[in-house]
Amino acid sequence: MDKANRQRELVREFSPTIEKYSILLKVWIGILIAIILVGFYAFYLQVTKGHEITGMRDNVVWGIYIINFIFFVGISYSGAFISGVLHYYKSPWKNAISRIIEIMTVLSLVIGPVFILLCIGRLDRLHYLFLYPRIQSPITWDIIAIMTDLIGCFIFLYLTFIPDMAVLRDSQDLNVPNWQKKVYKFLAFGYQDTPEQRKTIHKLVRSMSIMIIMLALMAYSVLAWIFSLTIQPGWNSTIFAPYFIIAGLYSGVGVIIILMFLIREIFNLKHYIRKIHFFASGIILLILSILFGYFTFTDYFAKWFSHKPDDINLLNTLFNNYFWEFIFANYIGVIVPVIILLYRKFRTPLGVTIAAVISVLGLWLNRYLIVVPTLETPFIPIQDTRPEFLYYTATWVEYALSFTGIAAFCLFFTLLIKFVPVIPIQGIIENEEEAELSITEPNNLQ
Amino acid sequence: MEEKNKSSRRKFLKLGLISGATALAGNTIINNLISDQDGSGVKIKVLTPDGQMVEVDAEHLNKYPEAHITPEESRKGIPNRKFVMVIDLARCNNARVCVEACQKAHNLDYHQEFMKIQLIQDHKQANPYWFPKPCFHCDEPSCVKVCPTGATFKRDDNIVLVDTTRCIGCKFCITSCPYSARIFNWGHREVYDRKDVKYSPETSVPGTEGTVLKCDFCPDMLRQGELPHCVRSCPMGVLYFGDILEDLVTNGEETVQFSKLINERGGYRYLERLGAEPNVYYLPPVEKQFPLEGGLDKEDEIIERYKNVPYIQELKKQGKI
Amino acid sequence: MKIINNKLSRIIVIIFAIASVINTYAQEFVQDNYRTFYNFSMLKQDDNTRSLKVRYVLQHAEDKTVEHPVYKAQIKFINKLDDQEVILAEVLTSKNGIATLTLPENQKYLKDKEGNITLIARFEETEKLEAQEEEIMFKDIFLDFNLAEIDSVKTITLNAYTLNNKGEQLLVEETDVAFYIGGMLSKMKINDGTLESGSYEFEYEHNLPGDENGLLTFYAQIEDHEEFGNVTKMKTMNWGVEHSVPKKVKNSLWSKNAPGWMYAVLAFLLILVWANYVYVVISLFKLKKSIKKDLYKGPIQGN
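Chains as they are written, first to last, in my numbering: chain A, 1 to 446; chain B, 447 to 767; chain C, 768 to 1070.
Isolated chain A (complex conformation) (with noise of 0.2 Å):
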C-alpha cells in the first residue's frame, strides 16, 4: 500500500467536513449561538439579582445546576474510561469511534464544572478555594481530581491528535485558510510517521490509557463521595461510589451511542462507523443497563425494608410528589432499553439509538432523584409555607442555563470536527498496513 497515496485518498474523503461552511451548518451553529446568548442573560440577571432568580431556597439548596453538573462529568468520566480501555487494548473496530469518545470526554469535563460555578453564590471568590483549602473536604478532592482529569485529558486527547495533524499538514489538497494550516503544522510537533516515533507515541497513548482509566475511576468516586459522605437520608449509601461510576458508565455509553448515530448519518459515514459498532455498544449498554437497574434497586430495596423512618420519609417523597420521574427514571430507563437491546431484531442502528436516548433522559432524571428529594426531607421536617422553601420548581433561569450547557457542547463538538477530521485518518491507514501484514504474514496473526 502507497501510503502516501492513501493518505491522500483520505484526506479528500474527509476534506468536504472540514473545508466546508454550508448553509445547514451556518443556521446550525446561529441557533446555538442563539440559545447560548439567552444562556449568557440568564447568567448576567443571575449575577446581579442574586440567586433569587432561581428555584433553590434554604432547604433545596442544591438544584439543576448540581444535578447537571453531575451528569456532564460523568460523560466525561465515562468516556475517559471506555477511550483508556480502547486505547489500552489493540482493536480495529475502535479506531472509528475513538475521536468521538475523546472529544466527548474533554467538552464534558469542560463544560460540566460550569455548572458548579453557577451555584457558588460568590463567584467573586473563587480563588479562595486555591488560597485557603480545606483538603478534609469532599469539595476540595473534587476541584483537584477535576482539574488532574481535565488536564490528563487534554494531553490524552492531543497525543491521539498528533498524527492527524501530521497528515494535515502534509496533504497538498487540503484546502483550508494558511492561519489553519499554520496551526495544523505546530500541533504536529515535527511528526514524521516513522517506525520509532510510531511507536513512541503508542507507547505514550497506552500509559497515559492506564492513568485516565484509573483517574476517571477515582474522580468519578470523588464526586460521589460529596453526596455519600454526608448523613443525609438517601445520600449516606454504602454503594454510591459503585453507583454513581455504573450510571456514569452508562449515561456515557448512550450519548456516545447518540453521537455515534448522529454522526454516521449526518457525515455519511456508514463505511467506518458500522452495525458492528452499535451491536457492539448496545450490548455494552445492554450490560450496564442491567447493572444499573440491579444497584438501584438494591439502594431502594434496602430502605424499604429495613423501614427506617428517615429513610421511609424519603421513600414516600419520591412515591408520592416524583412518582412518574421515578417511573421513568428507574424503570422505564431500564426496561424499555433492555428489550429492546435483548432482540435482535431491534437491534439495529436506530434501534440502539433509541435504547439509548431513553437510557440517557432516565439517568438525567435519576441524577433529579438523587439530589432534590433528599433535600426536600430533612431529618427534622421543613415547617414553612413558602411553596417553593417546600418544594423545588426549577425557574426559567436555570432550564435556560441547561439547554445553554448542551448548545454550548453541540457548538464546540461541531467547531472541533471541522478542524480535524472526525474519523483518525493515521488510525485507518495504521488498521489497514495491520490487515496487509496479517494476510501477507499469516503466521504473525496477535
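There's no promise every hint is true.
If we take Cβ atoms under 10 Å as the criterion, some of the chain C residues that face chain B in the derived model are [as the list claims (entries may be wrong)]:
(1) 841
(2) 915
(3) 945
(4) 948
(5) 983
(6) 1001
(7) 1003
(8) 1020
The set of hints was computed from the structure by calculation and includes no laboratory data.
Bear in mind that the values here come from a model prediction, so they are computed numbers and not experimental data.
We treat Cβ as the ideally placed atom computed from N, Cα and C, and that holds for glycine.
Given the coordinates of chain A, assemble chains B and C onto it according to the supplied hints.
Just chains B and C now, with coordinates in the frame of chain A:
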C-alpha cells in the same frame, strides 16, 4: 387688584420662610445639645429634661470600635470556656419572643430565623410540644467538616461561627447539617449596605449576599458578660445558657448547676445517634406548665407551618382552629 | 426684609410662629400619657465603696412596650440630716436614663443619733417634667466573710456588725443573708439564712468545678434590707472539684489541619499522576528532538 394679590402672595411666602426659619433654628439648637457619638445605628427615643422627644443613636452595646473582633481574631474563642445551652421543653409556649429578639439583633428578615420553633409530635399517642431549635454548635460538626475554604470553623469555646468574608456560597454546609440549622442569603437586602458597623463573625452583622448564616450564640454579648439575645428575652425562662466548664447555666433569673439540671430532669440531646455531639441539651416536656393551645394564638401563617403535625390536623378537623 | 405693617399679617405671623414651634415640638410631650419610673438604689460593694444608681425612664401608659429614658437629666445626690443637706454630686443621666455615682470607702456621711444615713436622689422640676425624689435611709454594716476548711468540712462563715456613735461594735440580729457562687454570666444561690448574734455559718456541699485554676468566687449578700440596703462581700477559694478539661482536638476532620494520613495519601496520588504527565510531555519533546536528528541523517526509509 392683581397688584394686591401679588404683594399678598409675596408676603405669604415670606411668612412661610420666616416660620420655617424659626422651626429650623429650633431644631438645630436641639441637635447641638445631643450629639451622636459612636452610634450603633439603632435609634432610640429619649426624653430631654425640657420635655423634648428626640431620636438618638443607642449607646452601642458592643462598645465599638474598641471591642471589634476581626474575622481572624474570631477564630480563637473566649479562653477557658465551653458554652452550652439547655432548653426546657416543659415551659416553652411558642411565645416566639426569642425568634424576634434574635432577628432584631441580627438584622434579619421576618422569614429568616436563626432560632426556629418547631412543633414536634414524637408519635401518634404523644402530645406535641414546642421545640425551639437554634444551631447546636456540635462538637463534631458535619458542617465544618465539609467547608472547602474553612469559612465555618469550630472554636475552643464550643461556638461554631461563619466568616462571611471567606464564604464562597457553595452551600455544602447547608446540605450537610442534619439539624437544618443554616440559612442562605439568596439576594441583596438593604441592611447589607450598612456602613456604621464593621463586620465581625461574632455579630453576623452586616450580612452579605451569597453567603451562609446561622445562630452564633452571640459571642459579642458573651464577651461583655451578657446572655445571648434569645436567652435574655424569653419570658418563660425556657432557655438556659452557660459554661459547661464551670458547670453553671442561667436563664436570666435563676442559675442552676448544669450537671444537676441534666441529671435530675433527664436532659438529652436531639438525634444523639447521629453522632454530631451537639451542645444544646433539652429537658423533656414532662409536666408541661402550659397547654399547647396557648401557643396557637399566633398569626395564621405561623400555624399553617405546622399543618403536617397530626395533632394540628385533628384540631383543624374539629374546627378548633 | 420689608416691615410688615398690616395687622392681619402680624396675626398670621404669630399664628405661623406658634404653629411652627408646636410643629417643632411635634411629638408634644404630655406627662400624663406616661408612667414614671424613677428608681434609686444603693449597693455597698465588696471593696466597701458605695454605688448609687438612679434609673429614670418613662413608660407609655397604653403601649407598655414603649419606653423612653430621660437623657441628660441632672440628678442631685444629697446626704441629708434633719434640715442639713450636703450635695454629694450632680450626675447627668445617660442615654439609658441611668445616673451612677460611686462613693469611696472613707466617705464621711452625716449620721443621726442612731447612726442612720439618709441619701436622697433628686431631680428638680422642669417645665415639662415633674420633680422626682427618692430617699434611702440605711445604717452602715460591716461584713466579715470567711471560708475555711475546719475538720475537713468546708465551712462558710459570715460575721456582721454595725458601729454605734461611740465606735463600738454592735452585733447584727435578725438579718437575712444569701450566699452565691459566681459564674461568668450570673450567680448561683447556694444558701440563705438569718444572722443570729452577728454570725451565720453553713457547710459548703456543692461540687462545682470553679474556673481553670479550680477557684470559686463566693458572694455573701444582704438584699433589700430595710436597715442596711444592699450589701455584698466577695471571696475566692480554691474549693473547685477536680474536672477534666476536654483535650484540644488537632488534626481531625473538624480542625484547621487535616489528619496526617490525608496529606500523605493526597501527595502520593498527585505525585503519581503528575509524574506521569511530566513523563509524557518530556517524551513528546524528546520525540521532536529525535525527529530533527533524523532529518539530518537523511530521507526516511520504508513506508
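To see whether the hints hold, each was checked on the structure:
1. 841: holds (7 Å)
2. 915: Hint on residue 915(C): violated, closest Cβ of chain B at ~23 Å, above 10 Å.
3. 945: violated (12 Å)
4. 948: Holds, about 8 Å.
5. 983: Check passed: Cβ of residue 983(C) comes within 9 Å of chain B, closer than 10 Å.
6. 1001: violated (15 Å)
7. 1003: violated (13 Å)
8. 1020: holds (5 Å)
Of the numbered hints stated above, those contradicted by the structure are hints 2, 3, 6 and 7, listed in ascending order.
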